[in-house]
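Undergrad: Given next are the chains, with one letter for each unit.
2 protein chains.
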Amino acid sequence: MGAIPPNNVPCLSTLRGTAIFASLTAEEDNELLSRCHTRNLCAGESLVDFEDLSKDVFVVQSGEIRAVLRFTVGKEAILGTFRRGDLLGELSAIDGLSRSASLMAVTDAVVTVIPYAVFHDVLEAHRDVCLGLMQLLSRRIRAMNERISELSFLDTKHRLYNALLRLSRLRGDGGRERIISPPMVHAELAEHIGSSRETVSREMSRLIREQVIERTSRAIILKNPVELSRRISRALEG
Amino acid sequence: MGAIPPNNVPCLSTLRGTAIFASLTAEEDNELLSRCHTRNLCAGESLVDFEDLSKDVFVVQSGEIRAVLRFTVGKEAILGTFRRGDLLGELSAIDGLSRSASLMAVTDAVVTVIPYAVFHDVLEAHRDVCLGLMQLLSRRIRAMNERISELSFLDTKHRLYNALLRLSRLRGDGGRERIISPPMVHAELAEHIGSSRETVSREMSRLIREQVIERTSRAIILKNPVELSRRISRALEG
Numbered sequence: 001m002g003a004i005p006p007n008n009v010p011c012l013s014t015l016r017g018t019a020i021f022a023s024l025t026a027e028e029d030n031e032l033l034s035r036c037h038t039r040n041l042c043a044g045e046s047l048v049d050f051e052d053l054s055k056d057v058f059v060v061q062s063g064e065i066r067a068v069l070r071f072t073v074g075k076e077a078i079l080g081t082f083r084r085g086d087l088l089g090e091l092s093a094i095d096g097l098s099r100s101a102s103l104m105a106v107t108d109a110v111v112t113v114i115p116y117a118v119f120h121d122v123l124e125a126h127r128d129v130c131l132g133l134m135q136l137l138s139r140r141i142r143a144m145n146e147r148i149s150e151l152s153f154l155d156t157k158h159r160l161y162n163a164l165l166r167l168s169r170l171r172g173d174g175g176r177e178r179i180i181s182p183p184m185v186h187a188e189l190a191e192h193i194g195s196s197r198e199t200v201s202r203e204m205s206r207l208i209r210e211q212v213i214e215r216t217s218r219a220i221i222l223k224n225p226v227e228l229s230r231r232i233s234r235a236l237e238g
Numbered sequence: 001m002g003a004i005p006p007n008n009v010p011c012l013s014t015l016r017g018t019a020i021f022a023s024l025t026a027e028e029d030n031e032l033l034s035r036c037h038t039r040n041l042c043a044g045e046s047l048v049d050f051e052d053l054s055k056d057v058f059v060v061q062s063g064e065i066r067a068v069l070r071f072t073v074g075k076e077a078i079l080g081t082f083r084r085g086d087l088l089g090e091l092s093a094i095d096g097l098s099r100s101a102s103l104m105a106v107t108d109a110v111v112t113v114i115p116y117a118v119f120h121d122v123l124e125a126h127r128d129v130c131l132g133l134m135q136l137l138s139r140r141i142r143a144m145n146e147r148i149s150e151l152s153f154l155d156t157k158h159r160l161y162n163a164l165l166r167l168s169r170l171r172g173d174g175g176r177e178r179i180i181s182p183p184m185v186h187a188e189l190a191e192h193i194g195s196s197r198e199t200v201s202r203e204m205s206r207l208i209r210e211q212v213i214e215r216t217s218r219a220i221i222l223k224n225p226v227e228l229s230r231r232i233s234r235a236l237e238g
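If you read the protein sequences in the order shown, they are chains Y and V.
With the UniProt record's numbering, the residue at position 229 of the first sequence is 229, and numbering never jumps.
With the UniProt record's numbering, the residue at position 37 of the second sequence is 37, and numbering never jumps.
Just to be clear, a hint being listed does not mean it is correct.
A pair holds if it fits inside one copy or across any two, identical chains being indistinguishable in the list.
No more than 25 Å apart at the CA atoms, straight line, and that leaves these computed lysine to any residue pairs for SDA-like [said to hold, decoys possible]:
| hint | residue 1 | residue 2 |
| --- | --- | --- |
| 1 | 157 | 52 |
| 2 | 223 | 28 |
| 3 | 157 | 198 |
| 4 | 157 | 28 |
| 5 | 223 | 170 |
Hint data in this document are derived by calculation from the structure and do not stem from the laboratory.
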């Protein structure tokens, strides 16, 4: 658990860093912000529980929030991790149904809470925000399509390779290596691919032996991402 | 393959049977239809291929269209089956990216083609259509969430039970039995749950022996859907 953040972090001065609000003028942005409030979360704290009836929308200001499907302890699927500027919780604001997933702070975090009625006023007034929201929803659907492919077509081993590629970023030193930093623990990777910690540990050890990945205290380094891609392609074509 | 449908099926007289267009006046509906055209498909014919660059939107007038993720022959995941009044192909119209899945006629089918520019004119002019479209996208996301849960948390056997429940409807004789009619072949069920035909056949035989389901030439009958639900709950909690 991290330290408890101060109770009154000042509300950030703009929401225009969030893609769907990018078209607002400075004045509209201010007017919108004046009708929102800020919420501080400690690491591990829940923002929304699965099947809650709340309908507010959130923008992450700092820290990391994770969307999780959860049945019982140990049966979780991570849908995504959201950072500064990301919009969250829009489904219930759109269709009025209960929450489709849990939202939980991974680190200490600050979010702007956009009340349901305020969100709809903005949609009513700004066609560009509507279009931006549709594009956001489309992006989510495309990402879920890929996740469904991964889960439907690949066995555990290849789902792990795919998740390593999906969760990593280029190391940024001009080479081909990719990096996951901070490094995820095996239990967390297991939740990304619908498998067990034990299976992930076994496969990670094998990848380290094969020198395809390397693990340090600060990162998982994909030494040979091309090899991982190649194995996935072979599995899909086989 | 079915018979080739006549070349000029008259365009249906309304699109208001489609949820997102329900708020249009008769006049607006006519104006919209006058800018659309009709396309006839034979069973097995492709309407859209994965990664195509087309951006038109479709409304099913008759027959069945299936959305499929496909890698190679034998590696397919069925995303959904669409019938009269259903809207299809909206993602590329919204975000301008290539097609996220293939659309294929399962039976002979007729669709209304709404050209990209026409679709955007309607969105521009009608706030209710925008909201309806957002609700449709939200519904798709919620359905995909369930699919991801199913694939992440359940083993093959329980995914099959879940798919049988999801794909069936109440038999409608006042009892609890559910029915899938026409009956799906095992290869098709396998595509719904990311498994092999052999595994599905083995599990279906077991369910028949246990008298949980019955198979006739015209339907799969779920004699005891409550038992299937109970087994799924136990697997999720276990």
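Undergrad: In ascending order, which of the hints set out earlier in this document are inconsistent with the structure?
TA: The structure conflicts with hints 1, 2, 4, although it agrees with all the remaining ones.
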